[in-house]
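Protein chains in written order, with the working numbering: chain F, 1 to 95; chain Y, 1001 to 1395.
Honestly, the hints are just simulated from the structure, not real lab data. Be aware that one or more of the hints could be misleading.
Chain F stretches covered by chain Y per the calculated footprint, using a threshold of three residues with CB under 8 angstroms from any CB of chain Y [as the list claims (entries may be wrong)]:
id, segment
1, 27-35
2, 67-73
For each label pair, taking beta carbons as the anchor points, the in silico distance ranges come out as [to be verified]:
id, chain 1, residue 1, chain 2, residue 2, range
3, F, Ile17, Y, Asp1371, 31 to 37 angstroms
4, Y, Asp1304, F, Ser21, 33 to 39 angstroms
5, Y, Gln1332, F, Pro45, 43 to 49 angstroms
Because the structure is a prediction, the values reported are computed rather than measured. Ideal Cβ placement from N, Cα and C applies to all residues, glycine included.
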Amino acid sequence: MTHAAAAAELPAAERQIKLLSLLEQDCGSCHGLTMTGGLGPALLPKTLDDKPDDFLVDTILYGRPGTPMPPWAFEITPDEAKWLIGRLRSWRTDG
Amino acid sequence: MVKFLPFAVAALIAALPVSAVAECGGLRGTGDLGLVIERADGAVQVVDTTRRRALCTVTGLGDLSHASLVFSRDGRFAYVFGRDGGLSKVDVLTGTLVKRVTQAGNAIGGAISQDGRLVAVSNYEPGGVRVFDAATLEMLADIPAIAADGSRGKVVGLVDAPGLGFVYALYDAGEIWVAEMGKDATAPKLTKFTGIGRLPYDGMVTPDGRYYAAALFGEDGVALLDLWNLDKGVRRILDGYGKGEQPLPVYKMPHLGGWSTAGRLAFVPAVGRHEVLVVDQKTWEEVGRVAVYAQPVFTTARPDGRQVWVNFAHPHNDTVQVIDVPTRTVVQTLKPGPAVLHIEFSPRGEHAWVSVRDSDEVQVYDTRSFDKLASLPARKPSGIFFTARANRVGY
């Protein structure tokens, strides 16, 4: 399985900063500021390794019913979700 | 006597941001001091609530993305619980990190015993509670959260219970445990209540120490345990408060730590609704609801119980509303700015301190006029904790 998060369009630089802040601060309130997990599971490269991009994009956009994971489609586009997943897969390893 | 090691002083000064003034270390009381968590930096600011300014910053506390703390009974030391399992003991007077242990992989909160001798930490990984000597941070007891079905899970809602010890809930399995701490702190006596409801996500103890409430995420309701009558078991209150309606998605879990008690009323954040539920604590019946701006996170009562201040979940977290308790109506809407994370009242309630994460400041409001009195710079501030908590059950 290849994990290249082939985002069709990279978010603009300003939007990337906003998305990373959202990831750290808001996703981080359940998944941990450093993505090591909390009430929600860890989102480290090794915990995501067996999960395909499509599954993770769906989880971000539509949430996981029956769990506290909410849908984020109201403020994150599919391309942005893919870009975030790419960042998570290389978390702490891409500088 | 305050003893300074030159090395520690040098390290402290070196760690200070340029804007802060190092004023910790003088001879003074701690009653008007507090700590502000700077979540992105693993630091806490020591603040003076009389002069409304930061005194110094203590660094090196690790991942504080979900941090809370309790105070020693003399108000001098703070025990800071970090997400990364770190338990840090901070000297509020000297502004120094006294000791830090990494006691688990992933932690959520903690509590201090009635007599101040024990500090307990609730852990997600490995799931359970660990109890430490408050003086030395030596571990005295390790209580794995192994549920009736054999699974080990996350612990939430850990509080102190006067005359007993500690009470907490098991998130995954839906249980409430009472850990009685007798003379021998290494051998707590456990009483377990199973099947209390799906996904308890936080808990609180009433200010008199009598009732423990665990709020449920997996269903509409709250599990209630009378700590004076453990044999009566857990009962359900606010059952089905959502009346079968689909709850809204939740972008920030509510907190019960500040679940407010105003007189005989409790103001409870509803999960997935733009409502605060009003509960009569004598009968534990719902007696009303207050429609609010968005999904409440904290509902914090002013110490006199006349007002309840509410902050909200992302993406509506730029707002604070004030509920007038006698009329149960919203009487003020404030817009402190992006990402209001926490509200703390001065001990007698004349001021409210509000952390505004994304504008890197803590704002101070007059609670009568609602005027903004001050803004203090802080880097990504989250929790605000004043030493008056040292004398309150459940804090």
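Exercise for review: Would you check chain Y against the segment 27-35 of chain F, counting CB to CB pairs closer than 8 angstroms, and say if three or more residues qualify?
Suggested key: holds (count 6)
Review point. Do Asp1304 (chain Y) and Ser21 (chain F) keep their Cβ atoms within the hinted range of 33 to 39 angstroms?
Key: Holds, at about 37 angstroms.
Check your understanding: Do the Cβ positions of Gln1332 (chain Y) and Pro45 (chain F) conform to the proposed distance bound of 43 to 49 angstroms?
Key -> holds (46 angstroms)
Exercise for review: Using the beta carbons of Ile17 (chain F) and Asp1371 (chain Y), state whether their distance is inside 31 to 37 angstroms or not.
Suggested key: Given about 34 angstroms between the Cβ atoms, the range holds.
Exercise for review: Tell me if chain Y covers the segment 67-73 of chain F under the three-residue, 8 angstroms CB rule, please?
Suggested key: holds (count 3)
Going through the hint list in order, the structure satisfies each hint without exception.
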